[in-house]
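*Asks:* Sequence:
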Amino acid sequence: MTETPPPDNANQRPATPGSSRRLPDNLPGIDIDAFRVMVRGNDDMIRKLLSKFADAYGGKAAEIAADVAAGNFQQAISTAHTLKGVSGNIRATAVFEAAKALEAALKTAPEGPEVEPLLNDLADVLDQVMAGLEDALGHSPNSPA
Numbered sequence: 001m002t003e004t005p006p007p008d009n010a011n012q013r014p015a016t017p018g019s020s021r022r023l024p025d026n027l028p029g030i031d032i033d034a035f036r037v038m039v040r041g042n043d044d045m046i047r048k049l050l051s052k053f054a055d056a057y058g059g060k061a062a063e064i065a066a067d068v069a070a071g072n073f074q075q076a077i078s079t080a081h082t083l084k085g086v087s088g089n090i091r092a093t094a095v096f097e098a099a100k101a102l103e104a105a106l107k108t109a110p111e112g113p114e115v116e117p118l119l120n121d122l123a124d125v126l127d128q129v130m131a132g133l134e135d136a137l138g139h140s141p142n143s144p145a
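Take the sequence shown: its letter number 56 is residue 56 in my numbering, and every next letter is one higher.
Mixed in with the good hints, there may be bad ones.
Distance ranges between label pairs, derived from CB positions [stated by the list, open to error]:
no., residue 1, residue 2, range
1, Arg40, Ala69, 39 to 45 Å
2, Thr82, Ala109, 16 to 22 Å
3, Ala109, Glu134, 33 to 39 Å
4, Arg40, Glu111, 44 to 50 Å
Dumping the calculated DSS-like pairs for lysine-lysine here, alpha-carbon to alpha-carbon at most 30 Å [claimed, not checked]:
no., residue 1, residue 2
5, Lys48, Lys100
6, Lys52, Lys107
7, Lys52, Lys100
No lab work stands behind these hints, which were simulated from the structure alone. For each residue, glycine too, the CB sits at the ideal point set by N, CA and C.
Between the sequences and the hints, there should be enough to build the whole structure, so can you do that?
*Replies:* Below is the structure:
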């Protein structure tokens with residue numbers, strides 16, 4: 001009996017339930033090519049990480065705005081810092097840059113006139129990313145209570 005050589009895709013991971021669709025090559029606000037390089041082309045891992053991001057961080061701009069309005073500047077800075085780090089990890093570059101700018105402004109002058117426009121910028125880019133993720137992942141992110 002002769003052995004049949006393995007197919008060319010033998011080293012690829014099988015699709016897992018819920019991952020039958022390949023992620024699009026363009027996701028608003030996310031450098032998907034850089035993200036794929038980081039996770040060695042594992043779209044299942046990207047899908048999992050993006051889903052977690054959508055579920056946990058979609059409401060963070062509103063959360064930061066509420067903390068600023070309440071005078072909880074340290075909490076607002078902490079949330080902006082966390083959002084900056086996580087968005088950088090998933091290559092959501094516009095969110096990263098907006099969170100970075102907001103964090104810096106909050107550290108320098110938390111009640112300064114630049115905070116509100118920076119909050120609006122963050123909300124806009126985060127909404128753009130969330131809309132793209134909702135479309136790409138096929139589900140709506142959980143909204144924070």
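*Asks:* Regarding the pair lysine 48 and lysine 100, is the alpha-carbon distance no greater than 30 Å?
*Replies:* holds, 24 Å
*Asks:* For the hint 16 to 22 Å, verify it against the beta carbon of threonine 82 and that of alanine 109.
*Replies:* holds, 21 Å
*Asks:* Between arginine 40 and glutamate 111, does the C-beta distance stay in 44 to 50 Å?
*Replies:* holds, 45 Å
*Asks:* Holds or violated: are the alpha carbons of lysine 52 and lysine 107 at most 30 Å from each other?
*Replies:* holds, 28 Å
*Asks:* For alanine 109 and glutamate 134, compare the CB-CB distance with the range 33 to 39 Å and indicate the outcome.
*Replies:* holds, 35 Å
*Asks:* Lysine 52 and lysine 100 were given as a pair; does the straight-line alpha-carbon distance stay at or below 30 Å?
*Replies:* Between lysine 52 and lysine 100 the Cα gap is close to 21 Å, so the pair holds against 30 Å.
*Asks:* Taking the CB of arginine 40 and the CB of alanine 69, does the distance hold inside 39 to 45 Å?
*Replies:* At 43 Å between Cβs, range holds.
The earlier numbered hints are all upheld by this structure, with none contradicted.
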